[in-house]
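First to last, the sequence lines map onto chains A and B.
Residue numbers for the first sequence, in this note's numbering: 1 to 222.
Residue numbers for the second sequence, in this note's numbering: 1 to 269.
To be clear, the hints were calculated from the coordinates, so they are not data collected in a lab.
Note that the structure is a prediction, hence the values are computed from the model and not measured.
A hint or two may mislead.
[Unchecked claim] Not close to chain B: a few residues of chain A, all C-beta gaps over 12 Å, as computed:
{"hint": "1", "residue": "F29"}
{"hint": "2", "residue": "L32"}
{"hint": "3", "residue": "L36"}
{"hint": "4", "residue": "A40"}
{"hint": "5", "residue": "L66"}
{"hint": "6", "residue": "Q69"}
{"hint": "7", "residue": "G77"}
{"hint": "8", "residue": "D90"}
{"hint": "9", "residue": "Y149"}
{"hint": "10", "residue": "S153"}
{"hint": "11", "residue": "T161"}
{"hint": "12", "residue": "L162"}
{"hint": "13", "residue": "Q183"}
{"hint": "14", "residue": "I210"}
[What the hints assert, rightly or not] Distance windows between CB atoms, simulated:
{"hint": "15", "chain 1": "B", "residue 1": "L77", "chain 2": "A", "residue 2": "G88", "range": "42 to 52 Å"}
{"hint": "16", "chain 1": "A", "residue 1": "S189", "chain 2": "B", "residue 2": "V223", "range": "51 to 61 Å"}
{"hint": "17", "chain 1": "B", "residue 1": "L50", "chain 2": "A", "residue 2": "L165", "range": "51 to 61 Å"}
{"hint": "18", "chain 1": "A", "residue 1": "D44", "chain 2": "B", "residue 2": "W204", "range": "49 to 59 Å"}
{"hint": "19", "chain 1": "A", "residue 1": "S192", "chain 2": "B", "residue 2": "I227", "range": "47 to 57 Å"}
{"hint": "20", "chain 1": "B", "residue 1": "W125", "chain 2": "A", "residue 2": "S192", "range": "13 to 23 Å"}
{"hint": "21", "chain 1": "B", "residue 1": "W81", "chain 2": "A", "residue 2": "S19", "range": "57 to 67 Å"}
{"hint": "22", "chain 1": "B", "residue 1": "A118", "chain 2": "A", "residue 2": "A73", "range": "47 to 57 Å"}
{"hint": "23", "chain 1": "A", "residue 1": "G83", "chain 2": "B", "residue 2": "L207", "range": "56 to 66 Å"}
{"hint": "24", "chain 1": "A", "residue 1": "V205", "chain 2": "B", "residue 2": "L143", "range": "21 to 31 Å"}
{"hint": "25", "chain 1": "A", "residue 1": "V213", "chain 2": "B", "residue 2": "V223", "range": "26 to 36 Å"}
Even glycine gets a Cβ: it sits at the ideal position worked out from N, Cα and C.
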Amino acid sequence: MWRDAALVAGKDLRIEARSRVGLWQVVPFAVLVLILVAFAIGPDSASLRHAAPGIFWIAVLFSTVLSIQRSVAIESGEGTRDGLRLSGIDPAGIFLGKAAAVGLQLVVLQIVLWAGVTVLFDVRVHVVWLAIVSSLLATVGLACAGVLYGALSAGLRVRDTLLPLLVLPVLAPVLLAGSKAWQAALDGSSSSGAEWLRILIPFAVIYLVIGIVLYGPLQEAA
Amino acid sequence: MNSVRRMNSVSSAPRPRWLAVVGVLGVVSMGFTVWLGLWITPPDAVQGNLARLLYIHPPIATVALYWAGGVALAGSLFYLWPRTRSFFWDRLAAASVEVGAVFSALTCVTGSIWGRPAWGVWWAWDARLTSTALLFLLELGYLALRRVPADPAIRARRCAVAALLIALDVPIVHFSVDWWQTLHQTGTVLDPGFHLHVHGSMAWTFLLGFIAFSLVFVWLLGVRYRIEVLQDEVGDQEMEVSLAERWNEGTELVGVGSSGHHFPEGGAP
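Full structure from sequences and hints, please.
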């Protein structure tokens, strides 16, 4: 399973390294979200600083949808999905591999966004470990839930419009807990932030386990 | 028209009598709930007439979360489990999500009507309200997924997985009040030791409200299930009818005549 996962993740990342869709489309989009929401809120630096964690996670969430759509699109052409299924690779391995590839891209994206909120909104993270841990946990949850829903909508003609409707409400707990944890990391109150990890951890674990179990049946249904 | 008539005659989804009985009982008990709730019961000591909304809001929320959520979860699990796989469970889960979406929306609406005078706002960003609204959106997503044309077995499996993921939200809604300790009150009618905290005619009206909405849920579920069966039959028969039409066209063109393969009822659907 782990070897298969590494193979699939390597394949997806290699495609990304050659096509640069994530780097030249998803990352600029995420920065665009930061700027647009700041326009909507107005130039008052105090309210921008207050809203910074929420804006950060909104940008991450929207970009996750784009990354998932890209991850599904990779498999959608020329019978690729059938090829992948016939190759004898463990479905759980495919799930883990695709989730790992998406997760890695999200990590890069969040580093860029971190720099973005630091520069644009003049915020400083006081509890660095809390910001990193919450981001990593959230990334696991986002990638697993996203890939799972990506498989659910794969092969549908309406998948581009259906996927956001399906996946964004599911990701809402990550938005909530991530924003709260980041708020605490900005304020320097690590104890109140650590409580929100108690939502991020089960979310990541649940979707990881469900993905490993259900990806096979879903793949047959696509 | 012919094909429609034929469909009714061969339909394998008869109207069961118990469903009609449940429907009548549901409407009658609903009428009694309204009568008792609006005219017979006294105004509440603290909330006055506002408390009358509580004869319907908790029952609606109970149906939306536990009945609809439970049936959808059970149906999806039974469908995914290879030994019990049958379209019965798939249709039951789909019917339950659809009825559940209506009740989730009603939960938000009735709660909102109560919240305006009680809390001073139509909508509070409270954990339970927010998660119920999320549940409604998740159910809309499920129904959107279900409307996508696909092979029945594939659609059933896809929807079963989606429903399973929706069901994860229901415990979050249930426990949100206790976890986050926000505006919405925790359970007050029955305490953890199952001691009743409402008395007299108010308690009976409250209980009747639960029974009435549960009956209406079962009735709607049954009706919706039957529609699912009929829809699938229409799908199958449309295929047959159009095949027969194509066949007729072919035989007429070749000039074989209508003796062998003519379908007398093969009119346009």
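Here is how each hint holds up against the structure:
1. Its beta-carbon lying about 23 Å from the closest one in chain B, F29 of chain A satisfies the requirement of being farther than 12 Å from that chain.
2. The beta carbon of L32 of chain A sits about 25 Å from the closest Cβ of chain B, which is more than 12 Å, so the claim that it is off the interface holds.
3. Distance to chain B confirms L36 of chain A as a non-interface residue, since its nearest Cβ pair spans about 23 Å, more than 12 Å.
4. Once the 12 Å rule is applied to beta carbons, A40 of chain A is consistent with being away from chain B; the minimum gap is 18 Å.
5. Non-interface call for L66 of chain A relative to chain B: holds, since the shortest CB-CB distance, roughly 18 Å, exceeds 12 Å.
6. No Cβ of chain B approaches the Cβ of Q69 of chain A within 12 Å, the least distance being about 16 Å, so the stated non-interface status holds.
7. At roughly 20 Å, the least C-beta separation between G77 of chain A and chain B is larger than 12 Å, which holds for a residue marked as non-interface.
8. The Cβ of D90 of chain A lies farther than 12 Å from every Cβ of chain B, with a closest approach of about 18 Å, so its non-interface assignment holds.
9. Not every CB of chain B is more than 12 Å from the CB of Y149 of chain A (nearest about 8 Å), against its label as outside the interface.
10. Listed as a non-interface residue, S153 of chain A fails to keep its Cβ farther than 12 Å from every Cβ of chain B; the least gap is roughly 8 Å.
11. At roughly 9 Å, the least C-beta separation between T161 of chain A and chain B is not larger than 12 Å, which violates its mark as non-interface.
12. Consistency note on L162 of chain A: stated as away from chain B, yet its beta-carbon is not over 12 Å from all of that chain's, at 6 Å minimum.
13. Under the 12 Å C-beta cut-off, the non-interface status given to Q183 of chain A relative to chain B holds; the minimum distance is some 15 Å.
14. I210 of chain A, annotated as away from the interface, has a beta carbon of chain B within 12 Å; the closest lies near 7 Å.
15. Roughly 29 Å separates the CB atoms of L77 of chain B and G88 of chain A, a value that falls outside the hinted 42 to 52 Å.
16. Judged by the Cβ atoms, the range 51 to 61 Å given for S189 of chain A and V223 of chain B holds: they are separated by roughly 53 Å.
17. For L50 of chain B and L165 of chain A, the Cβ-Cβ distance of about 35 Å falls outside the hinted range of 51 to 61 Å, so the restraint is violated.
18. The beta-carbon spacing between D44 of chain A and W204 of chain B, approximately 56 Å, falls within the hinted interval of 49 to 59 Å.
19. A hinted range of 47 to 57 Å for the beta carbons of S192 of chain A and I227 of chain B is consistent with their spacing of about 50 Å.
20. For W125 of chain B and S192 of chain A, the Cβ-Cβ distance of about 18 Å falls inside the hinted range of 13 to 23 Å, so the restraint holds.
21. For W81 of chain B and S19 of chain A, the Cβ-Cβ distance of about 41 Å falls outside the hinted range of 57 to 67 Å, so the restraint is violated.
22. Taken as a hint, the range 47 to 57 Å holds for the pair A118 of chain B and A73 of chain A, whose Cβ atoms sit roughly 49 Å apart.
23. Restraint check, G83 of chain A to L207 of chain B: a C-beta distance of roughly 60 Å satisfies the suggested window 56 to 66 Å.
24. A beta carbon spacing of about 29 Å between V205 of chain A and L143 of chain B agrees with the range 21 to 31 Å that was offered as a hint.
25. Distance hint check: the CB atoms of V213 of chain A and V223 of chain B are about 34 Å apart, consistent with the given range 26 to 36 Å.
When the structure is compared with the earlier hints, violations turn up for hints 9, 10, 11, 12, 14, 15, 17 and 21 and for no others.
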